[in-house]
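Student: The primary structure of each chain is shown beneath.
2 protein chains.
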Amino acid sequence: MGNKRRLERLQRRLQQIVGHDFVFSCPEDTIPYSFDATYAEGRPEIVVLPGTAAEVAAVLAAAYEEEVPLTPRGAGTGLSGGALAVGGVLLVLTRMHRILELNKQSLYAVVEPGVVTAELQRAAARKRLFYPPDPSSAEVCTIGGNIAENAGGAHGFKYGVTRDYLLGLEFALPSGELITTGGYTVKNVTGYDLSRLLCGSEGTLGVITKAVLRLIPAPEARRTILAVFAAFEAAAEAVSRIIDAGVVPAAFEIMDRAAVRCVERYLRLGLPANTAAFIVAETDGYEDTAARLAREVAALCRKAGAQEVRVAQTSAEAEAFWRARRSVSAALARLKPFKVGEDIAVPLGRMPELVNRLQAIREQENIDMVVFGHAADGNLHPNIIANPRDGEEMKRVRRAMVRIFDAALELGGTLSGEHGIGTLKAPYLHRALSPAAADLMQRIKAVFDPKGLLNPGKIWADRDET
Amino acid sequence: MGNKRRLERLQRRLQQIVGHDFVFSCPEDTIPYSFDATYAEGRPEIVVLPGTAAEVAAVLAAAYEEEVPLTPRGAGTGLSGGALAVGGVLLVLTRMHRILELNKQSLYAVVEPGVVTAELQRAAARKRLFYPPDPSSAEVCTIGGNIAENAGGAHGFKYGVTRDYLLGLEFALPSGELITTGGYTVKNVTGYDLSRLLCGSEGTLGVITKAVLRLIPAPEARRTILAVFAAFEAAAEAVSRIIDAGVVPAAFEIMDRAAVRCVERYLRLGLPANTAAFIVAETDGYEDTAARLAREVAALCRKAGAQEVRVAQTSAEAEAFWRARRSVSAALARLKPFKVGEDIAVPLGRMPELVNRLQAIREQENIDMVVFGHAADGNLHPNIIANPRDGEEMKRVRRAMVRIFDAALELGGTLSGEHGIGTLKAPYLHRALSPAAADLMQRIKAVFDPKGLLNPGKIWADRDET
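Protein chains in written order, with my numbering: chain H, 1 to 466; chain E, 1 to 466.
Okay, chain H solo, but in the shape it has when bound (with noise of 0.2 Å):
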């Protein structure tokens, strides 16, 4: 049978089971839902909006018997091409946005894929409870997609990443099976860990349906604090001092010249011209806690030679410290059309020699390259621009990408610490897995997936040889 006349087939099987409305196929509805937020796109063929687990369940069972590949979605603000669909269907999961349960007693929610980052956080706000992962797109991104990455943010360094907090998952198998497991405890040794497996397998294992997340009690305060520095490398350098004291931030991010300059463009928050890079950290606790952890952190900071450290005085100010860290990408997206956005992550005390490195990198191949991430967490986004047009320019910049790569690795690190690798990174999986790892996990991927149509050319793909 013809692809089309399946397709067509397909079609009229899927809006059978989630109704008429919520199918499309048509370009001008499906282009919308080509693109995340990379620089790169995909059409698919058909775009199903299931509303319940049957009806996901339902969904991949026909598209599984038809043969015809599928990729889940959430809000698709992914930075490494893992929801873009290779044509066939994509199974969008935004209608399942409910909160199912916030249970205060028990300490854990249970949450439909589509809900929110900072819907739940905000949610658990309100009972004095706190959801700590925070990927800087928290106000768009969904949970669903946060387990499927794993995604982590400015909080992993004291309170871990998504992984950490997922107690339990329903999700269905490309065969349309519906499975439960975890549950909700934090002790839970019962069979093995699936949920685990799932968070971080980037959407080619199964499709979340139901997530019970663990909450904790909120702290009682919070301290922001600013500090510049004349040098990246000092930033760097205040990040070991704080390991070696034994301080806990609850965050503590960096951005460097180019990334100062590129968001006091674009917000005009009045930050020195002259910086080189600068940190906003934040600490919690109970209220005396949080006071002294800021002291130190700032008193930290001016030791590694910090030419500025302020703390918030009001919530006012922390909000717009924090504006400026979390709207770089943003930012940066708007200098030049191509934005490449590297996620790599080394151990902590590697963290002065990435910076070198990364420096060396940008001076050698002349890029416009802007640093910024998650300093104590040794998770730096170096973010590339370049005009796609400029051959020579690209060339450089596929250079300099596949540079920082083998930095990374060289030091201890990895390939990719919270954006997952999906398609971008697919090509370069190689170097940081060995061939026994990866011929181990795709054998796993086809225990779930043994035709191969969840999520294809994600992770796994051919390999660069650059």
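Just to be clear, a hint being listed does not mean it is correct.
As a list, the in silico DSS-like pairs of lysine-lysine whose alpha-carbon atoms are at most 25 Å apart [said to hold, decoys possible]:
1. H:Lys451 <-> E:Lys451
2. E:Lys104 <-> H:Lys104
3. E:Lys104 <-> H:Lys158
4. H:Lys445 <-> E:Lys445
Residues of chain H placed beyond 12 Å of chain E at every Cβ, according to the derived structure [stated by the list, open to error]:
5. Val18
6. Phe22
7. Val116
8. Glu177
9. Val189
10. Asp193
11. Arg261
12. Ala299
13. Gly305
14. Ser315
15. Arg357
16. Lys445
Note that these hints are calculated values from the structure, not bench results.
Note that the Cβ used here is the ideal one computed from N, Cα and C, for glycine as well.
Mind docking chain E on chain H? Use the hints.
Tutor: Just chain E now, with coordinates in the frame of chain H:
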């Protein structure tokens, strides 16, 4: 070829791999390796103690080729039978007990699987670092076993369990291939999370040969609080009040009347004889923070009806409180020859119901049951002791066990919080896992171990239809 000849040939191969001194097959040598911390036993035909990862891999490959089942084992402190041989080879990892690296700047340790948990804790403490997972057997048990069982302990509520400190692994597949997974950073989404799939897999997927563990800065101060209650329910009520107040103790351990009596007889600590329940709690952080938290925990215990609350004034006093808690299991084993230690966990808010149901089961089945555990994790260890020659009593014990499992599951909890399924709970696993989930897990098992020779009979076994 006969089984006996096959074993002899394998034994010669193993002698070539690890040397004659580290392969045993005489009963006087294998009997000491036939027990763990349960009432069960399992005699291996060959005991082998490799000294390196390469030797582990070669031992596995040889056993796999000869199609002889193999069980990996650390210190044998397991409470679910996971490290008991079912004939075949017992691979003991205690010779691999080196801490290979303890990196303060990057906050991780690299260890061999045979490192004793408390030794890692002490090595970390010497550098003002903290490795929080803390099973009661920490002075004896080993990291490899902790990872295989996803061990927890007293610090779960604030600090999580072994899984939360696992950054990377090297492990050997049954075929003898060495796999490296994860790395040295908290943020790492490069490929599927095999580290956490291995964690809690009870030695059924691979044999851990090296682990990278996350360390955190050690808290500046600790406080230990003892609270004595006239009713167990009141002690459970204290947990609810603490959660409700948003207070986060580092530990909050509970023991019932029987546990208190039993320890008292054994340790003679001078605890009030009419105690129905007592709590050992710990707070930590900065000096001020630990003290404020201790005051709050004490006040909340009093509000919940504590008769007496003491904050330890010296480290010797704190140690005495903890010794009482840690000695329960050993003290119990002296009373009757048969002891089974359960390990259920329920959502925190369901603790009062669980406590009531356990009390009803104890009375209705007329069994000798002691309850203690990690109250702030919803993780209780109902321990039943009995005389195995009393057939009637043993029948009641078995009935009570099943009722305990059902109570945990009906309250949204789990069969095992931190001890694992092993052999003891394997017949009951079908009560907790759907057939679809169990089938998926077993297909994953088959990817790692196509011949089904690695730690057979553990987790996966025939069901008990009681």
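Student: Are the hints correct? Go through all of them and say.
Tutor: Do the hints match the structure? See the list:
A threshold of 25 Å between alpha carbons decides the hint, and for H:Lys451 with E:Lys451 the separation of about 24 Å falls inside it, so the pair holds. Using a Cα cut-off of 25 Å, the hinted pair E:Lys104 and H:Lys104 is violated, with the two alpha carbons roughly 36 Å apart. Pair hint E:Lys104 plus H:Lys158 holds up; C-alpha atoms about 16 Å apart against a cutoff of 25 Å. Proximity of H:Lys445 to E:Lys445 is assessed by CA-CA distance (about 13 Å); at most 25 Å being required, the pair is judged to hold.
No beta-carbon of chain E is positioned within 12 Å of the beta-carbon of H:Val18; the least distance is around 23 Å. Look at H:Phe22: its CB is around 26 Å from the nearest CB on chain E, clear of 12 Å, so calling it non-interface holds up. Consistency note on H:Val116: stated as away from chain E, and its beta-carbon is indeed over 12 Å from all of that chain's, at 21 Å minimum. Against the 12 Å criterion, H:Glu177 falls within the reach of chain E, whose nearest CB is about 5 Å from its own CB.
A beta-carbon of chain E comes within 12 Å of the beta-carbon of H:Val189; the shortest separation is about 5 Å. Its closest Cβ contact with chain E, about 5 Å, brings H:Asp193 to no more than 12 Å, contrary to its assignment away from the interface. Distance check for H:Arg261 against chain E: the nearest CB is about 27 Å away, which clears 12 Å, and the non-interface claim stands. A cut-off of 12 Å between C-beta atoms confirms that H:Ala299 is not in contact with chain E; the least separation is 15 Å.
Distance to chain E confirms H:Gly305 as a non-interface residue, since its nearest Cβ pair spans about 18 Å, more than 12 Å. Annotated as non-interface, H:Ser315 keeps its C-beta farther than 12 Å from every C-beta of chain E; the closest such distance is 20 Å. H:Arg357, annotated as away from the interface, keeps every beta carbon of chain E farther than 12 Å; the closest lies near 16 Å. A beta-carbon of chain E is positioned within 12 Å of the beta-carbon of H:Lys445; the least distance is around 8 Å.
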